[in-house]
Amino acid sequence: MNWLRRRVHCVQDASDLAQDTYMRLLRQCPEELQEPRAFLATVARSVLIDHCRRMSLERAYLETLAQMPEPVCPSPEERAIVLQALEQIDRMLDGLGARARSAFLLAQLDGLTYKEVAARLGVSLSSVEKYMAAAFAHCYRIVYLDAAA
1 MNWLRRRVHC VQDASDLAQD TYMRLLRQCP EELQEPRAFL ATVARSVLID
51 HCRRMSLERA YLETLAQMPE PVCPSPEERA IVLQALEQID RMLDGLGARA
101 RSAFLLAQLD GLTYKEVAAR LGVSLSSVEK YMAAAFAHCY RIVYLDAAA
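Final position of the sequence shown in the UniProt record's numbering is 149; the numbers increase by one with none missing.
None of these hints come from the bench; they were simulated from the model.
Keep in mind that a hint or two might mislead.
Stated by the list, open to error - Pairwise CB distance ranges (calculated):
(1) L40 x E77: 16 to 22 Å
(2) R91 x C10: 20 to 26 Å
(3) A38 x Y61: 33 to 39 Å
(4) D94 x P69: 30 to 36 Å
(5) Q88 x G122: 15 to 21 Å
(6) D110 x A137: 17 to 23 Å
(7) A38 x K130: 32 to 38 Å
(8) A80 x R141: 24 to 30 Å
(9) L57 x C10: 32 to 38 Å
(10) E116 x T64: 44 to 50 Å
(11) Q88 x L26: 33 to 39 Å
Since the structure is predicted, the reported quantities are computational estimates derived from the model, not experimental observations.
Beta carbons are placed, not taken as given, at the ideal position from N, Cα and C, and that holds for glycine.
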């Protein structure tokens with residue numbers, strides 16, 4: 001808990017993250033564990049990274065909202081729904097490489113063509129096509145194959 005508190009600078013957040021860490025340990029702890037401290041540290045680090053990503057997404061979303069004119073701002077309920085969707089997208093794309101993830105987001109969220117994505121990333125058009133194929137296959141597996149399991 002002290003390790004987490006030093007990194008998040010908030011006792012309540014550290015307590016929540018410690019609880020999340022122990023819940024994850026209960027779900028994924030192997031039968032015979034050679035290095036329990038190392039495993040605990042790895043799981044805690046993973047929970048902390050997830051927390052930082054969530055906070056970063058939330059900050060970026062709130063900054064975007066703050067720049068919108070008042071009538072366009074969504075209600076608190078709509079904000080929660082959008083934030084939840086963004087977190088799901090982030091988790092879904094978590095297993096992709098950085099280039100494939102960037103290509104996917106540029107094409108799908110920013111609406112760039114594959115040629116524009118290639119120029120933006122400094123790669124060939126065929127590389128972008130490969131990144132997109134990998135991203136779509138990854139998303140398909142998560143949505144359809146993992147859901148069936």
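Each hint tested on the structure:
1. L40 x E77: 16 to 22 Å: violated, 37 Å
2. R91 x C10: 20 to 26 Å: holds, 23 Å
3. A38 x Y61: 33 to 39 Å: holds, 35 Å
4. D94 x P69: 30 to 36 Å: holds, 33 Å
5. Q88 x G122: 15 to 21 Å: violated, 29 Å
6. D110 x A137: 17 to 23 Å: holds, 21 Å
7. A38 x K130: 32 to 38 Å: holds, 36 Å
8. A80 x R141: 24 to 30 Å: At roughly 28 Å between Cβ atoms, R141 and A80 fall inside 24 to 30 Å, so the hint holds.
9. L57 x C10: 32 to 38 Å: Since the Cβ atoms of L57 and C10 sit about 18 Å apart, the hinted range of 32 to 38 Å is violated.
10. E116 x T64: 44 to 50 Å: violated, 22 Å
11. Q88 x L26: 33 to 39 Å: Roughly 23 Å apart at Cβ, these two residues miss the hinted range, so it is violated.
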